[in-house]
Structures are given as structure tokens and as C-alpha cells.
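2 protein chains.
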Amino acid sequence: MSEFDLIRSYFANLGPCRLDVGLGVGDDCALLDVPEGRSLAVSMDTLVAGTHFFSDCDPAAIGYKSLAVGLSDLAAMGAEPAWSTLALTLPSPDPVWIREFSAGYARLSNAYGIRLVGGDTTRGPLSVTVQVHGFVPSGSAVRRCGARSGDLVFVSGTLGDAGLALRHLLAGEAVEPDLRRRLEYPTPRVELGRHLLGLATAMIDISDGLAADLSHILAASRVGAELDLARLPLSPQVAEAVAASDDWALPLASGDDYELCFCLPPERAIQARELARELGCPVCQIGVIRPGSGLECRLADGSPLMLDRLGYDHFR
Amino acid sequence: MSEFDLIRSYFANLGPCRLDVGLGVGDDCALLDVPEGRSLAVSMDTLVAGTHFFSDCDPAAIGYKSLAVGLSDLAAMGAEPAWSTLALTLPSPDPVWIREFSAGYARLSNAYGIRLVGGDTTRGPLSVTVQVHGFVPSGSAVRRCGARSGDLVFVSGTLGDAGLALRHLLAGEAVEPDLRRRLEYPTPRVELGRHLLGLATAMIDISDGLAADLSHILAASRVGAELDLARLPLSPQVAEAVAASDDWALPLASGDDYELCFCLPPERAIQARELARELGCPVCQIGVIRPGSGLECRLADGSPLMLDRLGYDHFR
Chain A
1 MSEFDLIRSY FANLGPCRLD VGLGVGDDCA LLDVPEGRSL AVSMDTLVAG
51 THFFSDCDPA AIGYKSLAVG LSDLAAMGAE PAWSTLALTL PSPDPVWIRE
101 FSAGYARLSN AYGIRLVGGD TTRGPLSVTV QVHGFVPSGS AVRRCGARSG
151 DLVFVSGTLG DAGLALRHLL AGEAVEPDLR RRLEYPTPRV ELGRHLLGLA
201 TAMIDISDGL AADLSHILAA SRVGAELDLA RLPLSPQVAE AVAASDDWAL
251 PLASGDDYEL CFCLPPERAI QARELARELG CPVCQIGVIR PGSGLECRLA
301 DGSPLMLDRL GYDHFR
Chain B
1 MSEFDLIRSY FANLGPCRLD VGLGVGDDCA LLDVPEGRSL AVSMDTLVAG
51 THFFSDCDPA AIGYKSLAVG LSDLAAMGAE PAWSTLALTL PSPDPVWIRE
101 FSAGYARLSN AYGIRLVGGD TTRGPLSVTV QVHGFVPSGS AVRRCGARSG
151 DLVFVSGTLG DAGLALRHLL AGEAVEPDLR RRLEYPTPRV ELGRHLLGLA
201 TAMIDISDGL AADLSHILAA SRVGAELDLA RLPLSPQVAE AVAASDDWAL
251 PLASGDDYEL CFCLPPERAI QARELARELG CPVCQIGVIR PGSGLECRLA
301 DGSPLMLDRL GYDHFR
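Chains A and B, in that order, are what the protein sequence lines are. Here UniProt numbering is used: the first residue of the first sequence is 1, the next is one more, and so on. Here UniProt numbering is used: the first residue of the second sequence is 1, the next is one more, and so on.
Isolated chain A (complex conformation):
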């Protein structure tokens, strides 16, 4: 068995069988069937060693997260995940590394019923590109451009945990396991996203920080927003860090939250809150959409927070 055969064996049957996969790994192409009345939603993301994760990061976490970031994109459109493809570039075919990577990838694939249907394995500096494929009722996807003045702005989960974990790691400090899990094993909000179809007017997943990602909604919808920073959902650790140093960049502009930010008219707020309770996924209203443009953040005393140089360079 060659090194390549070994790698292939880990990825040949990853994830559950699906009737809509006519042909998976092993021919020139995969053959796939999209159900009638559904559009195909696709998203592709690359994670590069040294840029998006530490080279010595747990391979299971790399495998898990490389799929999680794509699922978070599907969630942000309200799409139901179906298939993935995986391009894995490795300096050398280390069997232990590959087994752990594929176990992390399989964990999330199995949790959401996603089949790995194809990809490529090449030699080179460590990086992972994953494309996710999902279904959404034709014409119903939640886009970024539908927010209207008066809509309420919500986020799921808590903000800034992954950013705080990363900050500790970069400083060589110990990180609490809970916080580290938020960085390495983020939970894509797939169920919440799907159930917000027909409720949310605009939605995005928070990968680059709330301020930058909400700003994408505002630009696409040609509206502005006012955020009440006292309402931001923060874990005790992030709340403490913000209180200690007034460092709002942590919840507003650190990456890798993978929570959903969505807008909806006030009359749908009760329904959204009920839905979140049923799904066991906390959501929190943090602001309101206004006419005009741009994002205004207000501190607890009503004074504005200056947002210059929040967010970060997308070319990373």
C-alpha cells in the first residue's frame, strides 16, 4: 500500500452514505443530485498553517475547523448541509497526523450528515481548502442585502471567546479548556440558520468580528445600525477582559466567533426567541437598523465608541 493509498483510505468513506451521491471519491468527478425545488449553496474556505492555525495545532482540531467554517457559511444563508470536498496539502504523508485530521473532519461530517465526495491530496506547505455544498429552497436563502430600517439586530452565542483564546496562546499563556474549544472547535449554527429562513431579513456569520461582518450587511442593505454595547453577549472571561481594559476590539473585532448575526422586524422577535429556546441556542438583541449608513456603537452611558481600525485585514 503506497502512501497515497493510505491517505485515500482515510477519506474514501468519510461521513454517512447519502442517496443524493451518485458517485463519490474515486473517479474523475463526483456525481451529485440536487433535490427539485432547491438551489445549491456553496462556500469555499482555506486555512493555512501559520496564518489561520499554529503548525503544531492538534490535527483533529484542524480537520474539524476546516469543515466548521464552511458550515457556518451555509448556516448564514439558511442552507441545509449535504456534501463537502477537501483539498489537503501536506509536507509529508504522516499517517498519524492524517488519521487524527480525518477523525476531526469525520466528527463534524457525521454530526451533520455530510458526505465527503471528492478532493485532492498534494505535497506542499500545510494548508486545507474545503468546499461545502448545501440546499436551500429556491428563492428563499437569507442574504446580506435584506435588512430594513427598524429591524432588530441579533447575534447568537457569545462574542470574542476565540479572540481571547488566541490572544492567550500568542502570549504563551495558559488557556482555559472552554475558551480554547471556542477557538479550535467552533459550533457552526446550522440549525439556527435553517430555522431563520422566512424570519430573518439579512444574515451573516461572524468570522472577521461583529463590526466588520455586520458592516457587510449594512453596506449590502444600504442601511446603518446602532449597537448597544451593554447588550453584547459576553462570556465571563471576555466580560472581565473588557471591564479590565475597555478593550472592545475583543468582542467587536477579533475573528473566529462563527456566530450568526441576523436582522428581523420587531414583530418577529418573539418567534425568533422561542425558536432559539427550542434549539438550545442563545440569541440576543444587540441593536437596531437605522436609515443612512455605517455602524454606531454606544457605551452603557450613551457615549459613542470610535470604531476606527476595528475589524482586520481580510487578506490574511
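Worth flagging that the hints you see were computed from the coordinates, not collected in a lab. Possibly wrong hints are sitting among the right ones.
[What the hints assert, rightly or not] Quick list of the computed label-pair ranges, beta carbon to beta carbon:
{"no.": "1", "chain 1": "B", "residue 1": "Ala244", "chain 2": "A", "residue 2": "Glu36", "range": "55 to 61 Å"}
{"no.": "2", "chain 1": "A", "residue 1": "Arg99", "chain 2": "B", "residue 2": "Asp246", "range": "40 to 46 Å"}
{"no.": "3", "chain 1": "B", "residue 1": "Ser92", "chain 2": "A", "residue 2": "Pro91", "range": "37 to 43 Å"}
{"no.": "4", "chain 1": "B", "residue 1": "Gly280", "chain 2": "A", "residue 2": "Arg107", "range": "48 to 54 Å"}
{"no.": "5", "chain 1": "A", "residue 1": "Thr51", "chain 2": "B", "residue 2": "Pro265", "range": "51 to 57 Å"}
{"no.": "6", "chain 1": "B", "residue 1": "Gly198", "chain 2": "A", "residue 2": "Ala219", "range": "47 to 53 Å"}
{"no.": "7", "chain 1": "A", "residue 1": "Cys17", "chain 2": "B", "residue 2": "Asp20", "range": "23 to 29 Å"}
Small disclaimer: the values here were computed from a predicted structure and weren't measured. Even for Gly, the Cβ is constructed at its ideal location relative to N, Cα and C.
For chain A, the structure is supplied; the task is to place chain B on it using the hints.
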């Protein structure tokens, strides 16, 4: 305009508009519609600097070839190309490099009517991952597993040109422009592949050398094959190199041909030859499928060529 905006501008509207693209670049996912009665065929390939191309390679050639290799996979199933996604990892956002890369990518996208619908741009060692998406009538794709004893084996074009060009480049020798084009700007046999639907019993594109790729057909179809080496279609340059040193590895086991190898029953041979003539794409019968297993190659005098250590490590 940030560096990222600049990059995005080159890829925002790449390739022709298509009615089946509900949403392209610019939201969390692209939204795509597969026509009724069609399966979706997808293939993903990665090209890494230093492994698949020289780091100082013409960026237009990298852009062109990163799409060409995927189109060649679609061709090998008989699929009609529709969309692509592109993950581009770059050490730095050099505007000139990106403009040339996107021009090469656009050249092929426009030639085949393919829209770039999404992807990712990240910082890291230079590499390109492309996924191609095409349509094939449900249940009709040409797979690797359909070859039957008695079928004739055909290839398109000529073999070994890219391998010879690469050999010259690695030796620091001058390369004729025609030969170099075969390495850097391969022609995916999309039209030939599509028209072989219903004619070919098995098909593959030759990316790792004829011997290795035909062997995939043989293994999947549980048959053997006998090749007549005197029939191999060779350019004058490759024919000369083979004659000079008896180096059959050049046409049999060097990569990057991106020609099609296909099988069909003898009674369909005339039709296939007519088709090839109409399309202006040369095809050549090089052997025959036999019961049993494995690939036998016969020299002009009828003696066998030993194939030990032909092909190459797929993990490259």
C-alpha cells in the same frame, strides 16, 4: 481601496453571466441552480508552487492551468462545464501578479462559458485550489468502470509533450514554444468528452501518464489491456526522444498530458473517428481491452515492454 478589495475586484465578475447563477461572489455562499434531469459533476484540484509549477512561472499560465486541470476531469465524465470556485493563497497581494493570473483564468473561463462563483483569498505559500462544476444527464456520465473485453482503447492528441517540456526546463535547457504551451496551457478535451457520452464505455483524463491512468480504468472495470506502442500518437519531438533512447516513460508515464483515454466497442469506432474529425480533435486507437487484469505493452517487434516503476507517486 484595500489590498483585499483590489483582489476582489479582479475576481468579482470573472467569466460570462449565467442565468443558473442566482448569486455569485459576495455573500456567505453562492446560490446555483442545476437544470432538471442533470446531475452535478464536481472535481477539485490543487496546484502548489514548487510541486506542480515553478514559483516564477508566468502567472497567466498558473491561472489558466489551475482551471484547465479541472475541466479535463469534467471532460473525462462527459460533463458540460458551468461554474468554478477558486481558493488562492498568496505570499503577498501583488497587483500585477493577480491581474495576470486572473487574465489567464478568465481566458479559459470565457472560452467555455464558465462563471467564477466564489472562493477564498488567503495569505500563505503560493498555491491554487479550483473546484469545477458541470452538468451531465442523470445516469449517463462516462465512468472508469465500464470497459469490456474486446473494447478498443483510444487516446486523444499526443502523449508526452508536457513531460518533455518539463524535462527540458528542469535541465535548464531551451524549450520550443509549442512544447512549452503543452505544459503550461494544456487544452482540456471538453467537447470531445461531451460528445463521447453514449459512445465510450469508460473514460479518464491522462494527468499522471497513460500507463497509470489507463490502469485505473482496468482496475475499476476488472479487465486487462494490451497496448501497441507503435500506435501511440507522438509529436515529432517526443518521437525523436523515444527513438534516441528507447525512453517509453516519456509518453507512458510523464504527467500533465490532459488528453482523454477512452474505450468503446469496435462497432462504434467509425462513429468515434468521425466525431473526432468533426471536432478537429485527433484520436488514435492504441490497444484493446482483454479479459484478466493488468496492462501489457508491446513494442513494434511484438516483444513486451516491462512497466515496472512507470507512473509516479500520486502524492506529489
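Comparing the hints with the structure gives:
1. For the pair Ala244 of chain B and Glu36 of chain A, the supplied restraint of 55 to 61 Å holds, since their beta-carbon distance comes to about 59 Å.
2. As the Cβ distance of Arg99 of chain A to Asp246 of chain B is approximately 43 Å, the hint placing it in 40 to 46 Å holds.
3. For the pair Ser92 of chain B and Pro91 of chain A, the supplied restraint of 37 to 43 Å is violated, since their beta-carbon distance comes to about 22 Å.
4. Evaluation of the 48 to 54 Å hint for Gly280 of chain B and Arg107 of chain A yields a pass: the beta carbon distance comes to about 51 Å.
5. Between Thr51 of chain A and Pro265 of chain B, the C-beta spacing of about 53 Å keeps the proposed range 51 to 57 Å intact.
6. Restraint check, Gly198 of chain B to Ala219 of chain A: a C-beta distance of roughly 49 Å satisfies the suggested window 47 to 53 Å.
7. Cys17 of chain A and Asp20 of chain B have their C-beta atoms about 28 Å apart, which keeps the hinted 23 to 29 Å range intact.
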